[in-house]
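Trainee: Sequence:
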Amino acid sequence: PGAYYLLVARLEPENNIRMIIDGFLASSSGESLVLVGDHSGRHGRLIFKEFGNDRRLRFMGGMFDKKRLDHLRHFSKAVFHGHSVGGTNPSLLEAMAAGAYIIAHNNAYNKWVLGENAGYFQSEQEVSDLLAKIDELKQSAGAAISNNLERIQSEFQWDSVVSQYEKLFSRRIMPMF
Numbered sequence: 585p586g587a588y589y590l591l592v593a594r595l596e597p598e599n600n601i602r603m604i605i606d607g608f609l610a611s612s613s614g615e616s617l618v619l620v621g622d623h624s625g626r627h628g629r630l631i632f633k634e635f636g637n638d639r640r641l642r643f644m645g646g647m648f649d650k651k652r653l654d655h656l657r658h659f660s661k662a663v664f665h666g667h668s669v670g671g672t673n674p675s676l677l678e679a680m681a682a683g684a685y686i687i688a689h690n691n692a693y694n695k696w697v698l699g700e701n702a703g704y705f706q707s708e709q710e711v712s713d714l715l716a717k718i719d720e721l722k723q724s725a726g727a728a729i730s731n732n733l734e735r736i737q738s739e740f741q742w743d744s745v746v747s748q749y750e751k752l753f754s755r756r757i758m759p760m761f
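Note that our numbering has the sequence shown beginning at 585, numbered continuously upward.
No lab work stands behind these hints, which were simulated from the structure alone.
Model, not experiment: these values are computed from the prediction.
Quick list of in silico lysine to any residue cross-link-like pairs, SDA-like style, CA-CA up to 25 Å:
(1) Lys-722 <-> Glu-710
(2) Lys-717 <-> Gly-586
(3) Lys-695 <-> Gly-670
(4) Lys-695 <-> Ser-675
(5) Lys-717 <-> Leu-641
(6) Lys-695 <-> Glu-710
(7) Lys-695 <-> Arg-735
(8) Lys-633 <-> Gly-645
(9) Lys-722 <-> Asp-606
(10) Lys-650 <-> Ser-675
(11) Lys-650 <-> Glu-615
(12) Lys-751 <-> Gly-670
(13) Lys-651 <-> Glu-734
(14) Lys-633 <-> Met-647
(15) Lys-633 <-> Ser-712
(16) Lys-717 <-> Arg-642
(17) Lys-651 <-> Thr-672
(18) Lys-751 <-> Gly-671
(19) Lys-651 <-> Ala-727
(20) Lys-722 <-> Val-618
(21) Lys-695 <-> Leu-752
(22) Lys-650 <-> Glu-598
(23) Lys-695 <-> Asn-673
(24) Lys-695 <-> Glu-739
(25) Lys-722 <-> Tyr-693
(26) Lys-751 <-> Glu-734
(27) Lys-722 <-> Ser-668
(28) Lys-695 <-> Asp-743
(29) Lys-650 <-> Trp-742
(30) Lys-650 <-> Tyr-693
(31) Lys-695 <-> Ser-747
(32) Lys-722 <-> Leu-733
(33) Lys-695 <-> Pro-597
(34) Lys-633 <-> Glu-598
(35) Lys-633 <-> Glu-596
(36) Lys-722 <-> Trp-696
(37) Lys-651 <-> Gly-683
Please put together the full structure from these sequences, using the hints given.
Mentor: What follows is the structure in structure tokens.
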């Protein structure tokens, strides 16, 4: 526990995999970065070819056992979330629900989900900077993790999500006649 960082993602450019790897490798972190994601696609193959032999990186391939992923998330020093497009990403919610400290790409989607309960980066330098002060960040991580768990329970349960959609649709649907 706490001896590795974790990244769970499709290995695609918009998930900022290279930025995270470059920032991690530029840091003085003695831990490993565990990468979970299928690296058989075009971008994944390029990333694996370039970095697959680095001793600090562990490419695990695709992994779909939720219990195993939740354990990896929970026991990591922190989970990187580099997704920069889209909306509420399931892997981000899963990291929150697993009680992981999260270091996320700084964008509107991730900020809406996490608020102030994460570390944020927009460059490889910012990744390295966050890793340099991870022990300091982890001192207040308990509150961030607790806040994220509370948000998962209050806003990201199916009953709540369905209710919000029902309210939205009831306001938008106009009678035909």
